[in-house]
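Asks: Chain by chain, the residues run as shown.
There are 2 protein chains.
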Amino acid sequence: MSADRLIYLPLGGAGEIGMNAYVYGYGKPGKERLILVDLGVTFPDMDTTPGVNLIMPDISWLAANVDRLEAIFITHAHEDHVGAVGRLYSKLKAPIHARPFTRYHAQRKMEEAGQVPEAVITAGVYPQVIEAGPFKVSYLPLSHSIPESAGLIIDTPAGRIVHTGDFKLDETPVLGDAFDEELWREVAKPGVKALVCDSTNVFSPAPGRSEAEVGPELVTLLKDAPHMVVATTFASNVARVKQLADAGKAAGRSVCLLGRAMRRMVQAGIETSVLHDFPTTVTPEDARDIPRENLMLIVTGSQGERRAASAQLARGKYMGLSMAEGDMFLFSSKTIPGNERGVIRIMNAFSEMGVELVAENDRYHVSGHANRPDLLRVHEIIDPQMVIPMHGEHRHLREHAKLAEQGGRSSLVVVNGAVCDLTGDVPHVVEHVETDRIYLDGDILIGALDGIVRDRIRLALNGHVIVNVILDGNEPLGEPWVELMGLPEVGKSKAPLVDVLEQDLGQFLMRASNKTLRDEDKLGDELKRIARKSTNDEIGRKPEVTIVVSRLE
Amino acid sequence: MSADRLIYLPLGGAGEIGMNAYVYGYGKPGKERLILVDLGVTFPDMDTTPGVNLIMPDISWLAANVDRLEAIFITHAHEDHVGAVGRLYSKLKAPIHARPFTRYHAQRKMEEAGQVPEAVITAGVYPQVIEAGPFKVSYLPLSHSIPESAGLIIDTPAGRIVHTGDFKLDETPVLGDAFDEELWREVAKPGVKALVCDSTNVFSPAPGRSEAEVGPELVTLLKDAPHMVVATTFASNVARVKQLADAGKAAGRSVCLLGRAMRRMVQAGIETSVLHDFPTTVTPEDARDIPRENLMLIVTGSQGERRAASAQLARGKYMGLSMAEGDMFLFSSKTIPGNERGVIRIMNAFSEMGVELVAENDRYHVSGHANRPDLLRVHEIIDPQMVIPMHGEHRHLREHAKLAEQGGRSSLVVVNGAVCDLTGDVPHVVEHVETDRIYLDGDILIGALDGIVRDRIRLALNGHVIVNVILDGNEPLGEPWVELMGLPEVGKSKAPLVDVLEQDLGQFLMRASNKTLRDEDKLGDELKRIARKSTNDEIGRKPEVTIVVSRLE
Numbered sequence: 001m002s003a004d005r006l007i008y009l010p011l012g013g014a015g016e017i018g019m020n021a022y023v024y025g026y027g028k029p030g031k032e033r034l035i036l037v038d039l040g041v042t043f044p045d046m047d048t049t050p051g052v053n054l055i056m057p058d059i060s061w062l063a064a065n066v067d068r069l070e071a072i073f074i075t076h077a078h079e080d081h082v083g084a085v086g087r088l089y090s091k092l093k094a095p096i097h098a099r100p101f102t103r104y105h106a107q108r109k110m111e112e113a114g115q116v117p118e119a120v121i122t123a124g125v126y127p128q129v130i131e132a133g134p135f136k137v138s139y140l141p142l143s144h145s146i147p148e149s150a151g152l153i154i155d156t157p158a159g160r161i162v163h164t165g166d167f168k169l170d171e172t173p174v175l176g177d178a179f180d181e182e183l184w185r186e187v188a189k190p191g192v193k194a195l196v197c198d199s200t201n202v203f204s205p206a207p208g209r210s211e212a213e214v215g216p217e218l219v220t221l222l223k224d225a226p227h228m229v230v231a232t233t234f235a236s237n238v239a240r241v242k243q244l245a246d247a248g249k250a251a252g253r254s255v256c257l258l259g260r261a262m263r264r265m266v267q268a269g270i271e272t273s274v275l276h277d278f279p280t281t282v283t284p285e286d287a288r289d290i291p292r293e294n295l296m297l298i299v300t301g302s303q304g305e306r307r308a309a310s311a312q313l314a315r316g317k318y319m320g321l322s323m324a325e326g327d328m329f330l331f332s333s334k335t336i337p338g339n340e341r342g343v344i345r346i347m348n349a350f351s352e353m354g355v356e357l358v359a360e361n362d363r364y365h366v367s368g369h370a371n372r373p374d375l376l377r378v379h380e381i382i383d384p385q386m387v388i389p390m391h392g393e394h395r396h397l398r399e400h401a402k403l404a405e406q407g408g409r410s411s412l413v414v415v416n417g418a419v420c421d422l423t424g425d426v427p428h429v430v431e432h433v434e435t436d437r438i439y440l441d442g443d444i445l446i447g448a449l450d451g452i453v454r455d456r457i458r459l460a461l462n463g464h465v466i467v468n469v470i471l472d473g474n475e476p477l478g479e480p481w482v483e484l485m486g487l488p489e490v491g492k493s494k495a496p497l498v499d500v501l502e503q504d505l506g507q508f509l510m511r512a513s514n515k516t517l518r519d520e521d522k523l524g525d526e527l528k529r530i531a532r533k534s535t536n537d538e539i540g541r542k543p544e545v546t547i548v549v550s551r552l553e
Numbered sequence: 001m002s003a004d005r006l007i008y009l010p011l012g013g014a015g016e017i018g019m020n021a022y023v024y025g026y027g028k029p030g031k032e033r034l035i036l037v038d039l040g041v042t043f044p045d046m047d048t049t050p051g052v053n054l055i056m057p058d059i060s061w062l063a064a065n066v067d068r069l070e071a072i073f074i075t076h077a078h079e080d081h082v083g084a085v086g087r088l089y090s091k092l093k094a095p096i097h098a099r100p101f102t103r104y105h106a107q108r109k110m111e112e113a114g115q116v117p118e119a120v121i122t123a124g125v126y127p128q129v130i131e132a133g134p135f136k137v138s139y140l141p142l143s144h145s146i147p148e149s150a151g152l153i154i155d156t157p158a159g160r161i162v163h164t165g166d167f168k169l170d171e172t173p174v175l176g177d178a179f180d181e182e183l184w185r186e187v188a189k190p191g192v193k194a195l196v197c198d199s200t201n202v203f204s205p206a207p208g209r210s211e212a213e214v215g216p217e218l219v220t221l222l223k224d225a226p227h228m229v230v231a232t233t234f235a236s237n238v239a240r241v242k243q244l245a246d247a248g249k250a251a252g253r254s255v256c257l258l259g260r261a262m263r264r265m266v267q268a269g270i271e272t273s274v275l276h277d278f279p280t281t282v283t284p285e286d287a288r289d290i291p292r293e294n295l296m297l298i299v300t301g302s303q304g305e306r307r308a309a310s311a312q313l314a315r316g317k318y319m320g321l322s323m324a325e326g327d328m329f330l331f332s333s334k335t336i337p338g339n340e341r342g343v344i345r346i347m348n349a350f351s352e353m354g355v356e357l358v359a360e361n362d363r364y365h366v367s368g369h370a371n372r373p374d375l376l377r378v379h380e381i382i383d384p385q386m387v388i389p390m391h392g393e394h395r396h397l398r399e400h401a402k403l404a405e406q407g408g409r410s411s412l413v414v415v416n417g418a419v420c421d422l423t424g425d426v427p428h429v430v431e432h433v434e435t436d437r438i439y440l441d442g443d444i445l446i447g448a449l450d451g452i453v454r455d456r457i458r459l460a461l462n463g464h465v466i467v468n469v470i471l472d473g474n475e476p477l478g479e480p481w482v483e484l485m486g487l488p489e490v491g492k493s494k495a496p497l498v499d500v501l502e503q504d505l506g507q508f509l510m511r512a513s514n515k516t517l518r519d520e521d522k523l524g525d526e527l528k529r530i531a532r533k534s535t536n537d538e539i540g541r542k543p544e545v546t547i548v549v550s551r552l553e
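As given, the protein sequences belong to chains A and B, one line each in that order. The numbers in full-length UniProt numbering rise by one with no breaks, and the one at position 192 of the first sequence is 192. The numbers in full-length UniProt numbering rise by one with no breaks, and the one at position 437 of the second sequence is 437.
It should be emphasised that the hints constitute simulated quantities derived from the structure, not laboratory data. Any given hint could be a false lead.
When chains are identical, the list treats them as one kind, so a pair holds in a single copy or across two.
[Said to hold, decoys possible] Okay, derived cross-link-like pairs now, PhoX-like style, lysine-lysine, Cα gap no bigger than 20 angstroms in a straight line:
{"id": "1", "residue 1": "91", "residue 2": "494"}
{"id": "2", "residue 1": "494", "residue 2": "542"}
{"id": "3", "residue 1": "542", "residue 2": "528"}
{"id": "4", "residue 1": "317", "residue 2": "193"}
{"id": "5", "residue 1": "91", "residue 2": "492"}
{"id": "6", "residue 1": "528", "residue 2": "223"}
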């Protein structure tokens with residue numbers, strides 16, 4: 001009979017920045033009682049996931065072991081931590097714990113997916129304890145770029161785990177929980193087995209900067225702005241939104257929030273009492289009547305998202321408001337790698353309008369994640385037996401593990417699907433479970449490997465030829481009919497591509513043996529081969545081909 | 001009768017970084033004699049141009065006025081300056097001038113496109129003059145990130161223009177032409193009407209750094225590398241390739257060049273005598289037998305391009321060589337905005353192999369463009385009447401114009417298609433010509449607005465439903481037949497989507513009036529409407545639909 005063990009199993013977030021989902025287990029091997037920390041989404045892109053709405057971790061393994069799942073803990077309300085709660089809840093059905101601001105958002109996710117929002121329960125903070133099977137879990141308030149972020153103190157019979165969630169060491173975060181070194185030292189005192197730790201900024205060499213540094217810069221910037229000011233930031237960064245609004249107010253401007261997420265986040269902050277003294281705002285309707293030099297818009301779309309307020313302003317009007325020459329557009333944000341094209345697109349659109357762009361990341365933005373020296377400081381304060389890097393691409397995890405090892409601690413890169421045994425003195429991977437990604441595609445959940453999105457990518461790269469053939473018994477009835485989509489109409493022979501294909505396919509049919517005409521598969525393969533070859537001869541491209549053979553009997 | 005005028009007309013490169021093509025004209029309005037400076041390409045991306053091979057400026061205006069075109073001048077051999085020469089030559093047929101290294105590449109482009117390479121003529125440098133109608137043109141050697149870059153001194157009856165091409169102020173460029181302030185002052189002496197100037201790095205506040213600073217850093221880095229070293233850079237940066245190879249040699253390593261472009265650029269450098277003393281290289285076959293710690297690979301693919309050597313190494317093997325734990329991979333390059341995803345993809349793949357990544361842009365790379373203080377210095381040295389910013393997105397051009405105006409010079413943002421009159425004391429736009437982009441799509445040239453690529457994007461976002469209906473006279477023969485591509489197979493009703501669509505369409509056909517069945521357009525519209533609605537009901541997505549109605553008579 002084998003002994004109880006403590007395991008850690010990331011299903012998402014380890015080897016990527018996005019769709020966080022971390023499982024902890026304690027008990028007999030294969031029978032561990034489980035908890036899940038976070039259940040987030042990641043966002044699609046045209047390169048790899050065209051047409052996909054959202055990407056979620058494949059939780060099949062967890063769903064298959066759902067009878068062992070005690071509870072779900074959400075660390076904070078960013079989409080990559082809470083976004084999949086609603087869509088995946090039906091497979092898990094465990095109680096969901098979250099602090100009030102996070103709970104507010106988790107409940108909205110539940111409602112949107114037709115689930116009961118009451119499944120999300122308010123979590124208090126340390127020293128309050130939530131019992132979940134063999135686990136005793138406390139929320140450790142910490143600073144990040146959204147209100148009420150928390151780490152988790154997870155006590156198990158095999159020792160204490162500190163799971164940081166996303167965090168930075170900010171002693172003056174403007175709003176919400178400041179970094180409290182005393183508290184962290186108290187948490188460390190009984191001895192910590194494993195620090196499971198955010199790795200996002202491991203490559204940033206300087207200590208992180210405080211949110212409070214941004215405010216005075218904003219005040220200075222806005223003081224002398226002669227025309228309308230429009231600022232964008234992550235809507236969930238409520239502290240930043242407040243600092244922007246305060247700076248607007250200080251400059252004698254009326255503040256108007258544009259974009260659904262922006263209004264919802266401020267609303268959530270007020271309703272859950274994390275946000276106080278937010279300046280009175282005006283509606284977009286009222287804003288139209290306010291002199292431009294007295295107006296400040298705070299808008300969604302810092303990443304250049306096509307449907308957000310910023311992009312709509314860049315294309316023309318949004319809610320009856322538009323930018324004009326001499327206005328200022330401020331990015332109080334950084335561009336997440338991969339979003340450059342979208343951000344640059346709106347920058348140039350504003351430039352064409354004569355708008356003054358301000359995009360100095362170092363002055364008007366600070367990161368929400370702990371930088372390299374901050375991570376080292378946390379390693380030292382928590383002084384764990386082992387450091388398990390999480391929340392990072394592989395290169396971040398690897399660098400973070402090296403950093404921990406340089407500090408004399410054991411560490412291990414544990415990627416999605418790897419079951420890591422934390423019971424002994426050093427972590428080691430004991431097995432692998434199947435993990436991947438699930439796509440929300442329209443309203444349907446599909447697997448990343450289902451081939452559906454791969455087909456769409458092929459259509460985008462190669463275009464589509466549709467060949468329609470009617471057989472009367474084994475006799476071709478009339479000519480083949482060809483339709484094109486996404487392909488040039490005329491190729492090298494200067495004749496319409498459709499005509500060339502219909503002719504080549506018609507000649508093949510005329511010469512084809514009865515045996516070929518009878519054999520559905522063979523006939524389809526031959527027609528496809530000819531369609532691809534003739535298209536390639538004409539336009540230098542092998543298209544996707546769909547063959548429809550109708551047989552009249 | 002109107003007076004002669006001097007005009008400037010960018011057809012590409014002004015409002016974007018890429019596909020440079022600048023026209024100058026002198027003469028009676030509408031009858032100016034013309035020269036073209038550069039004829040480059042830009043590269044497609046999945047977001048906006050899936051499946052496209054290359055993007056070129058639409059030179060319809062120039063082609064329509066080709067009898068007025070005297071000559072084409074290529075400033076340097078980067079793809080965004082020379083890449084379209086071969087493909088577009090047949091529309092222009094004017095002599096092409098280029099310095100030897102650039103000529104080498106222009107001739108390869110001509111050959112690849114089936115044109116006579118002899119149309120490309122070797123250009124000497126200042127004070128040598130090339131006469132082209134009313135223009136007297138001299139090549140001004142300058143430093144950039146490719147050998148034999150040049151600006152153009154364009155003398156016209158209305159005054160002297162200095163067209164910088166791409167440049168930096170590098171007094172120690174390792175290879176090729178150093179910045180020669182004396183020479184520039186000499187060029188400025190007669191007085192310069194217009195400085196048409198590179199704007200790429202106008203947002204970079206510090207003075208540019210010399211290529212020579214990179215070499216010692218590379219030597220230091222390689223000295224202690226314990227395993228194989230693989231370095232990537234832009235193949236065209238022959239000075240960098242040489243510095244990498246020299247550093248490898250200094251560390252006692254055999255050097256192997258991987259990737260077609262890498263070998264071709266070094267070959268071109270040697271053949272045109274711009275490159276001397278390049279270390280002896282080994283073939284990939286020989287490299288396999290050399291101990292890894294004595295080997296250095298210099299590879300293509302600094303931008304993460306999927307087919308380049310770096311990406312192939314990241315996926316496994318290339319030419320029988322592969323990376324292993326402890327090897328080093330060096331990016332001696334920067335990531336061009338928009339290429340982040342591809343670069344990050346290979347970084348993480350290497351990280352998974354245990355490869356040490358070195359990607360410190362500031363240490364192992366320097367830019368090839370003049371930074372903001374360098375631009376100011378050039379404004380001062382050339383001391384032109386007006387500064388026309390080029391080679392930049394709109395935001396770069398605008399910032400550069402502001403910079404010039406702050407220095408007391410007149411300036412104007414002139415974008416693609418704008419005809420700018422330079423004759424008077426200040427530049428002004430007098431008309432606009434149609435410009436856009438041409439895509440090389442497979443082997444075919446198509447217009448950006450032809451809708452072909454737009455259809456491919458729609459297929460990628462929405463998937464494709466093909467509906468096949470056979471009518472015998474006005475009588476439906478059998479059931480409609482539906483094929484899907486890029487769509488989930490099963491929707492909300494849990495029945496196959498194909499079945500649901502065939503049923504809904506079949507019911508419509510059964511009920512359809514003879515009038516509808518007779519009306520080809522109406523029938524198609526109705527079938528499409530139903531297919532879209534039923535698909536949307538089932539899977540929450542409105543697909544692209546192709547209707548094929550076959551009528552037996």
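Asks: If a hint holds in the structure, say so; if it doesn't, say that too.
Replies: Quick rundown of the hints versus the structure:
{"no.": "1", "hint": "91 <-> 494", "verdict": "between (57 angstroms within a copy, 18 angstroms between copies)"}
{"no.": "2", "hint": "494 <-> 542", "verdict": "within (18 angstroms within a copy, 34 angstroms between copies)"}
{"no.": "3", "hint": "542 <-> 528", "verdict": "within (10 angstroms within a copy, 27 angstroms between copies)"}
{"no.": "4", "hint": "317 <-> 193", "verdict": "neither (55 angstroms within a copy, 40 angstroms between copies)"}
{"no.": "5", "hint": "91 <-> 492", "verdict": "between (55 angstroms within a copy, 17 angstroms between copies)"}
{"no.": "6", "hint": "528 <-> 223", "verdict": "neither (67 angstroms within a copy, 56 angstroms between copies)"}
Violated hints, listed in ascending order, are 4 and 6; each of the other numbered hints is respected by the structure.
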